[in-house]
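Using the sequences plus the hints, can you model the full thing?
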Amino acid sequence: MILEGILATCQPLTILWIAIGVAVGIIFGAIPGLTATMAIVMFLPVTYSMSASQGIAMLMALYIGGISGGLISAILLNIPGTPSSVATCFDGKPMANKGQAGKALGTGVVFSFVGTLIGIAILVVLAPVLCAFALKFQAYEYCALALFSLSMVVALTGSDMPKGLISAVLGALLATVGLAPIDSRSRFTFNLFQLNNGFALVVLLIGLFAISEVMSFAESVRKKQDFTIEQNVKMKGAGFTFAEFLAQIPNAIVSALIGVGIGILPGIGGGVSCMIAYTVSKNTSKHRELYGTGIMDGVVASETANNATIGGAVIPLLSLGIPGDAATAMLLGGLMIHNVAPGPLIYEKNGAVVYAIFTAMLISAVFMLLFMLWGMRFFVSVLKVPKNYLLPIVMVLCGIGAIGNANQLFDTYVMVGFGLMAYLMIKAKIPTVPMILGFILGPTFEENLRRVSQLSSSDPFYNHPIFCVLIVATVLVVIFSARANIRDAKREEAAGD
Amino acid sequence: MKNRNNYKLDIIPGVVLALFSLFYMSRIPGIKVFKGLGSTPLNNHFIPWLWGGSLLFLSLWLIVRGILKYRRLKAEGVISGEGSLFGALAEKREVIFSFIALIIYVAFMESVGFVIMTCIYVFVQILILTPVEKWAKNIVPALITAVITGCLLFYIFRSVLNVLLPVGMFGLGL
Amino acid sequence: MKKLFSALVLVTLLASSAFAAWPDKTINIYVTHAAGGDTDYMARQLAANVEKVLGVSVVCTNVTGANGATCMTQYKDGNNDGYTFIATNTAALNGNEATGMVDFGYNAFEPVAVYGIQSGENIVVHASSPYKTLKELIDASIANPGQIKLGISTGGGVYIMACVLANIGKAQFNIIDNGDAANRLTALLGNAIDATSLPYSTAADYIEKGQLRSLCTVLSKAPTLIPDQPSASAVIPELKMDTEYVLLAPKGTPAEIVKAMNDAVLKVCASPEWKEMVNKFSFQDPYYFDVAGTLNNLKEQRDLFQSLTPILEIE
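In order, the protein sequences belong to chains U, F and W.
Position 40 of the first sequence, counting from 1, maps to 37 under our numbering, and the rest follow consecutively.
For our numbering, count along the second sequence from 1 and bump the result up by 21.
For our numbering, count along the third sequence from 1 and bump the result up by 504.
One should not assume that every hint holds.
To be verified - With the Cβ distance kept under 7 Å, some of the chain W side facing chain U (calculated, not the full set): (1) Pro527; (2) Gly541; (3) Asp681; (4) Gly694; (5) Ala696; (6) Asp709; (7) Lys713; (8) Gly714.
Unchecked claim - Covered stretches of chain F, as calculated for chain U (at least 3 residues, CB under 8 Å): (9) 61 to 72; (10) 84 to 95; (11) 113 to 119; (12) 129 to 140; (13) 178 to 187.
Hint data in this document are derived by calculation from the structure and do not stem from the laboratory.
All C-beta atoms in this analysis are idealised placements derived from N, C-alpha and C, irrespective of residue type, glycine included.
Okay, here's the thing in structure tokens:
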């Protein structure tokens, strides 16, 4: 059965589809505004007419390529290509500014590969055990998990805590626009049916990162004469030494485990996993003050975690038929259409397909590594394109992404609105990143809190040990992070005088 | 010094956000409450109150912090005169023009169509991002870039990937 | 008189030639649910086959959100030149109206054809639970009011089902919202709820493996390929939830075009390939109606749903 699965994937045509899928995925991931999810949505109908193993292999390839491609624009343009690479900007762009764009890309690519491999390994070996664990997460546990992840905001904000919290609350507040969870009553839609779906994460990302990047370049038009940033980026191998690679292994393993863990739990997703991994890596590091100035550790944490999330997300997808995010929901649809019903019987009924999927993921990961390492010299040449030409084209692509997300022109208006908001926030020195956490986790928190209120009459909270542990952990994280922030603020104050 | 002199960056956003949170909360009572099967007292008003209230609290915190900073600086006598608003806006004219270009781009995309608006927008935006003294050299390349971007992206996304990019007034039944 | 007559002839000729030319360009079908779901799959299968019949390309585009309400709101008054259609399912079309999500029903469209039926939802419990029939489950809830947790998705067809259980069947469940089918499945497997309703296709493997037990189907009639299932309507007659796939046109689309499109759809549905596809995908035989039959069918379900609105306690 295992051999049958591997052989089904190792057909020339299937491998060709995987190669195409990875390449298309990387392009979609790399272009701000187009995401891995969108790549899968657009190509899912194409796979309807393929054979099961080809179709599913191509979808996996799109997924892996899409999540990996996001690092390119995060590092080179400071605009995350997908929600999953938001945290890659934190250190990736500073590295590029220091002339280490090649090293940052190489680090991102190699550790994306490492993260994918760890994810796949855990998927292959531990799927059944981890499924049982994932099932323990119900309304109570999700409610506490959302709170716990939100508490990371305090750790992420740095010295100016009120402004970080404002950003997160503003994000959560924006996410209340649209149909309310559970009862689908419209809130803050001002009778515009286009607002019923709420705001899309990708549109928010475009506003927060892409438009603000264009504007910050616009500010410097009269100051800067040289439009190309890096003229001589040296590319040698992956851009970093073997010793540096070895030194990052512990960081990578911790980040990968965080990524897999978050991937297994449906509904959180790669956007959160990269930020949590980054925060954990920063707060456990011996040189936490260097994070954000352009060190490998930050890129490693973010990129390992978001790719490990893939393996994690596929676990409940295959073993339970439960998709973790929009991308895996599309994959589930793709599987069903090819008459592969994910669930407890998938190994018995479609065992060959499962191993075909594992093989396809592995091949996709290898293609991803090869394509990205090979393509690095071309990616870096993006830096040589004058920014006054590059950024308008990026804006158009963002507009297309906003339209394509739900096939609604209205989203481009929202995009411009978010851009204006982001620009004002940056001027007011309010950080924009916590907003993303608030935006993603706010609705998760609300939905599960309301379920808890339904459950509490017949199922009180003390029956839920994971809930209690997470709440205690949240309180501890808030206290310790707040203390660290106050210390940082005092240090800055002292340095300022 | 810079860090302590930014009382305006506390007070202005604080006031704006406080007003915004009040507006937001003023809309909450109008939300229809669901009273059917499975409804609980913790309804769809609760979380908006929570976020709205938190935002109001945090923005008041900012305002108070800003005022305290202002008093301290005033006592030290380091408050400088106001710069002119007009001067500040002129300093940011590229940003303002970029936003105007972007707004016009999306506002007219539906009626005029993606291809034409994209060509115009890319051309204008390139010029905005180019120093005036270099315009002469850049007009032709900008024009070429704009036309290629508009047509190529329309073809790829509309015809191949089936994204509903607006065809506009010159729709040819594509 | 003669002039008038010739003018009439001319108008008729012009009009008929306009329709005779239909279709001469790409037809757009807007799908109300996301790619990967059953509504999308059926719509795309239909599009691919109708394309062959009509000889022009038929393109499907997903405009999703709010259980299809977003797309239907956007396109109900869309371009009615005969090149715009909306593919959805009847539970969304009639259910959104009954639960107050939208203020319009199928009358806001020109219905073209019902072209398929889903494998249906089943009421399922954990295999270790003592309940073997729907009646036992309801009785148990009456014996322990508010202690048996029924997982639902508020506002959709499953919500209507729960309201029927509570108001007509007098059941006293603790109603928990668990969201879509995948989440209800997670909750049931994780013992967070005691019973829920799941699409047969989602639950089938768990039933076979002996982890879950189906009590009944809520289809009015069990699917043709899995006939040996009790129907919920045997316990509570109003408990009927048929999800059918339907093609709509924007209001004002000429009746001739609606008829021509319906002919094309029926031609597809009568083909052996279509039978093979729906047998495999939804355990059903082909299921389709002409324009009048489609209208009747929609009216029947709408009347049933509307008769239930007093017990839905929406506002």
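How the hints compare with the structure:
1. Annotation: Pro527 of chain W was flagged as interfacial toward chain U, and the flag is violated, the nearest CB pair being 21 Å apart, outside 7 Å.
2. The beta carbon of Gly541 of chain W is positioned within 7 Å of a beta carbon in chain U (closest approach about 6 Å), and the interface hint is therefore held.
3. Given the 7 Å rule on beta carbons, the hint for Asp681 of chain W holds: about 5 Å separates it from the nearest Cβ of chain U.
4. Because the smallest distance between the Cβ of Gly694 of chain W and any Cβ of chain U comes to about 4 Å, under 7 Å, the interface hint for this residue holds.
5. Evaluation of the Ala696 of chain W hint against chain U yields a held restraint, the C-beta minimum of about 4 Å falling below 7 Å.
6. With a least beta-carbon distance of about 4 Å to chain U, the hint placing Asp709 of chain W at the interface is held under the 7 Å criterion.
7. Satisfaction of the interface hint for Lys713 of chain W is found here, the shortest Cβ-Cβ separation to chain U being roughly 5 Å, below the 7 Å cut-off.
8. Annotation: Gly714 of chain W was flagged as interfacial toward chain U, and the flag is violated, the nearest CB pair being 9 Å apart, outside 7 Å.
9. Against chain U, the stretch 61 to 72 of chain F contributes 9 residues with a C-beta closer than 8 Å to a partner C-beta. That satisfies the three-residue criterion, and the hint holds.
10. Counting residues of the stretch 84 to 95 of chain F whose beta-carbon sits less than 8 Å from any beta-carbon of chain U gives 1, not enough to reach three: the coverage restraint is violated.
11. Counting residues of the stretch 113 to 119 of chain F whose CB lies closer than 8 Å to any CB of chain U gives 5, which reaches the minimum of 3, so the coverage claim holds.
12. For the stretch 129 to 140 of chain F, the stated coverage by chain U is satisfied: 3 residues place a CB nearer than 8 Å to a CB of that chain, which reaches the threshold of 3.
13. For the stretch 178 to 187 of chain F, the proposed coverage by chain U is satisfied: 7 residues have a C-beta within less than 8 Å of a C-beta in that chain, meeting the threshold of three.
In this structure, the earlier hints numbered 1, 8, 10 are contradicted, and the remaining ones agree with it.
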